[in-house]
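S.K.: Here is what each chain is made of, one letter per residue.
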Amino acid sequence: MKKNCSTQERTDRNPVSVEVSGLSKKYGSQTVLKDVSLTVKPGEIFVIMGPSGSGKSVLLRQIAGLDIPTAGTVRINGHDPSDPATRDRFALALVFQAGALFNSLSVYDNLALYPLEHRLCPKPEIRDRVMRALKILSLENAAKKFPSELSGGMKKRVAIARALVMEPQLMLYDEPTSELDPVMSATISEIIATLKQEHQVTTIVVSHDRDLALTIGDRIAILMKGELRTIATASELRETTDPDVVDFLNPKIDLKNPRYQKLEAL
Amino acid sequence: MKQFNTIFEGLGSAVLLAYRAFVSLPSAPRIIKRVVEQVFLGGYATLPIVSILSFFIGAVLALQSGISLQNFGAKQLIGTLVGESLVRELGPLMVSILLAGRVASATTAELASMKVYQEIDALQTMNIPPERFLVLPRLLAVLLYMPILTIVGIIIGWFGGAIVCEYVGFIGVDAEQYFHSLTQFLTMSKVLDGLIKSEIFGFSIILIACNTGLRTRGGPREIGYAVTHSVVLSLITILILDYFITKALA
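These protein sequence lines are chains U and H, in that order.
Position 64, counted from 1, in the first sequence is what our numbering calls 64; the numbers after and before it change by one each time, with no gaps.
Position 34, counted from 1, in the second sequence is what our numbering calls 34; the numbers after and before it change by one each time, with no gaps.
In short, the hints are calculated from the structure, not lab data.
Any given hint might turn out to be false.
Said to hold, decoys possible - For lysine-lysine, the following DSSO-like pairs were computed, each having C-alpha atoms within a straight-line distance of at most 27 Å: (1) U:Lys-26 <-> H:Lys-2; (2) U:Lys-144 <-> U:Lys-155; (3) H:Lys-33 <-> U:Lys-145; (4) U:Lys-196 <-> U:Lys-155; (5) H:Lys-2 <-> U:Lys-123; (6) U:Lys-144 <-> H:Lys-33.
As the list claims (entries may be wrong) - To give an idea of the interface, some chain H residues facing chain U are shown, with a C-beta separation under 10 Å as derived from the structure: (7) Arg-30; (8) Ser-85; (9) Glu-89; (10) Arg-132; (11) Phe-133.
Glycine included, each C-beta is placed from N, C-alpha and C at the ideal position.
Pulled out of the complex, with its shape left as it was, chain U reads as follows (with noise of 0.2 Å):
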C-alpha cells in the first residue's frame, strides 16, 4: 500500500524540548564552549546571540548531534540527537548559514532529498509538498534553477523550504539573516516567526541581529566567550545593566574612545 504524506510512519508530530547540561566543547588546547546549560521549550523560539567567537555555532552544532561534546549531553526530548536513531523518530532540520544546499541538484531536487532518500511518499505527493513550500518562500519560478544561479537571499529561502519539506519538529537556524539586506532580514525573520505560529515547531535561531532576536525570539540566551551570561525574554534583556550585555546589544560608536584600542590592549 502506498504511503501518503500527511500519514507518515512517524507517529509523534508534537514540538520537542531540547535540554544542554553541562556541555563543554574543546578543540584541541582551544575551550569553545564552557558548561552550557539551558533548556528550550516545546514550541518556542530561542535565539542565542553573541559576539562573532562566543561558541554560538558551535553549540548549534552540538545541538544537531554533528558534533560529539567534550563533556556534558545535549537531549531532545530525551535522545541524544547524535544517535541516527533519534533523527529517525524526529525531524530535526538545520538551515545552514551558507545554505548547504547541494550544488549538482536543482532546487526542485534539494528540496525532494529528504522525502524521496526516506521514501515518505509517493512522488506525486512529494512534488506536492515540494511546490507547496517553495510557494510559502515565495520561490515558484525558481523550482528549476541551480544553486549557483540563486542570489544570497534566494539561497536562504531555499534552504529554509528545504528545512519545511521535512516537517521538522526542531527547527535550526544559524545566523539566517547574516550577509541580507535590512528588508530580506525582516522577511526571514517573519518567515521564522510565521513556521512556528503555524506548525508550533520548536526553533533554536544562532543569529548575531538584534531586531531579529528581540522581535521573534521568546527567550534569549547571550553567550559570551563561551560561557552562558543570561537568558531572557526580549522585555527582560531591555532593562538588563550587566554592561557587557548592554554594551553587545547597544553598541556606541565613540570615535574619541575607540574600541579597537582596548580590544588591542587585551
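For chain U, the structure is supplied; the task is to place chain H on it using the hints.
M.R.: For chain H alone, kept in the frame of chain U given last:
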C-alpha cells in the same frame, strides 16, 4: 611515529568507510540511478582517453619489442609479448592510472567541496548517510565499469600492436602472424588475473578518493591538497598492490 599514526588512521577510516557503505547495500535499489550516473561519469567518459592511450601503448610495445626481439631472432613472439603484457599487467595498470588521474581526482574534489561547504553536514541532519548516498554508488559503479574499461583497453592495445606489425616494414611480422602468436599462449585464467587486478585497483582508488574527500577539513586550499594527496596515494597503493597481487596470482 606520527606518520605511521597518520597512515594507520587513514587505512582504518577507509576500511570503516567501505564497511559503512556496504552495510547500506540492502538499500541499493534506491541508488540505482546514481550508480548508472557514476558508470557514465567514471566509465563511459573515461573510455575515449583509455582507447587512445591503449592504442599507443600497444603500438609502442610492439615497436619496442620488435626491435629487441629481432636481435634474438624471435620476432614471431611479438604477439605473445604484447598480448600477455597488456592482459596481465599493462592493461589493468594503465586503466587504473587513468582512473586515479581522472576519476579519483574529480571524486575527491567533489566530496571535499561538499565537506568544506557543509553539504555533508546537511546530509547528516537529514539522516541520509553520506556512505550510502555518495560512496556506495561510486564503489558499485567502479566494480561494474572497471573490467569493461580494462577489456576495451586491452583489445584496442592489441590492435595498436597489430597495426604497427602490419605497417612498419622492418619488424617483418604481419597482423595475421601477430594475432596467431598472441592467441597461442593466451588463456582464460590470464585474462581473469588481469580482471581481478583491475577490480581491486579500481575499488581501492575510489575508496581512497572518497575517504580523502570526506576527511577534508578547512577551506579551498585543503581541497587542492586533498586532490593531490588522493591521486598520489592511489598511485602508490596500486603499485604496491600490483606487486602483491602478481605474486599471489603467480
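S.K.: Can you name, in rising order, the numbers of the hints this structure does not satisfy?
M.R.: 5, 8, 9
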